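Chains D and G are the protein sequences, given in the same order.
For reference, each letter of the first sequence is one residue, going 1 to 392 in the working numbering.
For reference, each letter of the second sequence is one residue, going 393 to 872 in the working numbering.
All the given hints hold, so there is nothing to weed out.
To list a few chain D residues with every Cβ distance to chain G over 12 angstroms, as calculated: (1) GLU49; (2) GLU194; (3) GLY272; (4) ALA306; (5) PHE358; (6) ASN366.
Here are the simulated SDA-like cross-link-like pairs (lysine to any residue), alpha carbons at most 20 angstroms apart as the crow flies: (7) G/LYS652 x D/PRO292; (8) G/LYS435 x D/ALA298; (9) G/LYS752 x D/ASN299; (10) D/LYS41 x D/ALA306; (11) G/LYS777 x D/ASP291; (12) G/LYS435 x D/GLU224; (13) G/LYS435 x D/ASP291; (14) G/LYS752 x D/GLU300; (15) G/LYS752 x D/GLU302; (16) G/LYS648 x D/ASP291; (17) G/LYS435 x D/HIS286; (18) G/LYS652 x D/ASP291; (19) G/LYS435 x D/ARG296; (20) G/LYS435 x D/PRO292.
None of these hints come from the bench; they were simulated from the model.
These numbers were taken from a predicted model, which means no experiment stands behind them.
Even glycine gets a Cβ: it sits at the ideal position worked out from N, Cα and C.
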Amino acid sequence: MRSTVLTDEAGQDANKAPNPGISAENPRRTGGNLVQLISPKGERISHPEFDLWVSDVTDEQLCSLYEDMTVIRRIDAEATALQRQGELALWPPLLGQEASQIGSGRALRDDDFVFPSYRDNGVAYCRGVEPTDMVRAWRGNASFGWDPYRYNIATQQIMIGSQTLHATGYAMGIQDDGADSVAVAFFGDGATSEGDVNEAMVFAASFQAPVVFICQNNHWAISEPVRIQSHIQIADRASGFGIPSMRVDGNDVLAVLAVTRIALDRARKGGGPTFIEAVTYRMGPHTTADDPTRYRDANELEDWAAKDPIARLKALLRTKGLLTDEVEAKTKAKADEVAGNLRAGVINMPDPAPLDLFNHVYSTPNSWIERQKDHYSRYLESFSGSTQEGAL
Amino acid sequence: MIKEFRLPDLGEGLTESEILSWKVAVGDTVTLNQVIAEVETAKAVVELPSPFAGTVAALHEQAGSVVEVGKPIVSFEVDDVAAPPPNGTAPSAATAGVAGSDARTSSEPVGTGSPVGAPAKREPNLVGYGAVVEKSGRPARRPRAIGGGIAEGGPAPAAGQPAPVPAPTAPTAAPNEPTAEQERPRSTPPVRKLARDLGIDLELIKGTGPAGLITRSDVQDFAAGSQVQVSAPEVAPASGPAVGVSAERETRTPIKGVRKFTAAAMVQSAFTAPHVTEFLTIDVTPTMELLARLKASREFAGYKLTPLTIAAKAVLIALRRNPTLNSRWDEGAQEIVQFNYVNLGIAAATPRGLTVPNIKDADKMTLLELSTALSELTDTARSGKTSPSDLSGGTISITNIGVFGIDAGTPILNPGEAAIVALGSVRKAPWVHNDELAVRQVMSLSLSFDHRLVDGEQGSRFLADLGAILSDPATVITMV
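When you get a sec, could you build the whole thing from the sequences and use the hints?
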């Protein structure tokens with residue numbers, strides 16, 4: 001599959017050799033291998049093999065992809081602002097990665113199970129998670145915001161890459177059940193350097209488990225550029241485990257949709273795991289506590305702004321005459337509404353009670369936790385009825 | 393209704409931030425999420441979006457001040473009717489069910505005047521603001537019953553404060569309180585050890601730390617205090633009359649911002665690039681005459697022409713013949729980058745410290761364009777508005793130490809560049825001119841270069857070319 005793919009519009013650094021040892025002439029590093037169906041300018045590039053997988057996408061669905069991407073960008077911006085206003089302790093922006101997350105998230109079936117990282121709020125949005133629930137933990141109000149089994153998306157992992165092990169394990173369970181659902185792990189380029197991810201791929205290949213590894217290569221592991229982390233393309237790491245891989249333009253929602261469907265289909269039919277490298281770019285900071293201007297060139301951001309995932313879909317919709325005033329207004333209204341609800345939800349979120357800390361440690365009653373809870377409640381009790389002045 | 397906005401913790405666990413600039417003024421109308429200020433934390437420079445829509449009622453902190461997290465920085469006059477929640481004016485936002493959000497953002501000072509006797513009420517405490525400030529020290533915990541003999545619920549007078557016992561008095565039990573046992577003054581194990589080593593009874597010391605905690609410096613101060621009593625005659629006169637009580641003998645300024653950045657850059661440059669510095673003193677009288685002629689010419693009327701302008705042009709011409717000096721050592725790639733353009737850096741002293749903004753593609757510029765670019769660059773730098781892109785990507789730099797009346801120096805390379813030229817001051821001096829002693833206008837040039845990239849030959853040729861141009865501008869004809 002790798003040999004059939006098309007142009008490379010990934011930034012020049014994506015394929016640049018880091019030093020003479022791994023030479024710039026190395027064909028594995030230079031160009032190519034990027035599935036793309038919408039060019040950065042918004043032209044629809046046709047390719048028989050991949051077009052097949054998105055031929056059912058109607059104009060209406062194309063518009064709804066645009067809406068989802070616009071809404072998640074707005075949610076992201078609002079959450080960033082809420083952090084700056086002291087309402088959230090921290091927020092990891094996903095700006096620039098909307099197509100990677102919406103394109104793959106929308107390819108999933110309800111009974112597939114997603115294992116996301118902290119940045120994959122676009123996938124969570126596709127699964128139906130309420131935006132307010134996405135920020136609950138970032139406000140420090142709960143250990144986690146949503147019930148994983150309600151939406152079939154697990155808790156977002158802060159630990160880098162450990163969710164890939166969970167996904168592989170879950171996929172092995174699916175095999176035991178004889179079901180045809182798929183476990184899907186989302187992680188970043190940096191995670192591929194972690195032991196967990198490598199172990200997960202070994203097991204996935206050994207058991208031919210129905211798991212899809214979706215790596216959003218956003219070019220930066222905090223301040224570490226991907227070219228230093230990997231001297232070959234990230235997608236090529238998978239071949240070392242015997243896992244077929246695809247390298248897709250992560251800012252092209254249609255191409256991401258197509259390759260995700262291919263991978264899911266293979267997994268459902270017993271074809272085992274697939275690794276997808278969605279080549280995208282983190283246009284914002286790593287988190288709100290990070291300042292990317294300290295380690296990356298402004299020109300790089302400019303290059304990637306020209307490949308903006310939403311702008312290119314917008315251009316395509318305009319060319320097709322689909323971007324009517326009505327669609328624009330509806331999308332804007334939806335984004336405004338969701339952002340307004342998010343803000344209201346955050347500001348009115350009740351603080352948790354101190355004893356809530358003991359909930360959800362175990363799913364069943366546990367005497368040791370009960371004992372700790374009892375001690376703590378008596379400790380808290382000791383404060384009642386006293387005054388500051390009278391304190392010891 | 394007035395709403396206060398308190399400085400949030402913008403990173404993870406920050407205690408303070410510096411307000412770099414205000415983007416709004418008192419009386420301005422702001423919309424929700426409009427950028428109101430630029431703030432520098434230990435981690436990043438970030439823009440603060442307004443949490444309210446309304447009118448700016450007051451700015452509590454000046455630009456340039458370092459503010460503790462949790463302190464009010466700005467107040468807004470917010471429309472009562474329309475906007476109970478800050479999102480009241482979010483464009484067409486659904487605002488149903490968002491009333492009563494005031495607790496978090498109310499102007500009621502957090503943590504002060506906490507309602508006595510009503511501890512059950514939860515204090516609003518913004519996420520990231522850290523624990524509520526407790527004015528009276530420790531949490532209001534009830535005294536623990538000791539020995540089982542104390543009646544529950546009895547009045548708890550100000551018993552527990554680690555009694556501020558005046559120094560040498562014996563640590564008597566607090567009078568009139570036979571029942572409540574005095575709690576031992578609090579301190580940490582290392583401090584207790586220090587006190588024991590020094591033979592000091594901790595009960596004699598008044599703690600100045602949080603909740604009366606005795607700190608290391610309290611013990612040291614106490615120890616020092618005891619010594620003063622013993623050897624007072626020696627110590628007192630020595631420091632006493634010499635300096636007035638008000639005069640500070642040392643001023644300690646936190647290392648931050650541009651100073652910190654400059655220091656890191658200089659250290660990096662000085663210890664990675666082996667510097668060589670060469671000097672050349674030349675007679676620049678012909679250049680000064682040329683400058684005078686140009687200034688008088690109609691073409692340059694209204695433009696700012698200085699020796700720096702001519703010297704910058706001369707550097708650019710000399711570089712054409714000696715391009716090695718316009719290159720970079722790329723350690724990561726193990727490559728030497730030869731720039732086929734010149735981004736000419738000019739070291740500028742600004743209110744925030746040293747910056748080296750550069751003129752992009754200076755080699756393509758005419759003298760007129762160069763003079764314009766130079767004035768713009770220095771004006772922008774002095775007003776502190778230089779953008780990051782102007783500061784990055786320089787390929788060679790000039791530092792004009794002559795404006796301070798200095799002749800020569802050994803400049804440190806701007807990191808990533810191969811050469812830097814320091815221009816000394818132009819001064820009249822005795823000089824051998826046409827085999828006779830004459831009073832001429834003389835200037836020293838200092839050139840530092842990175843010896844990894846540039847050999848002595850190339851550096852010397854460049855400096856000789858530069859000197860030749862400035863001592864006889866007509867030689868340019870032989871060079872271009």
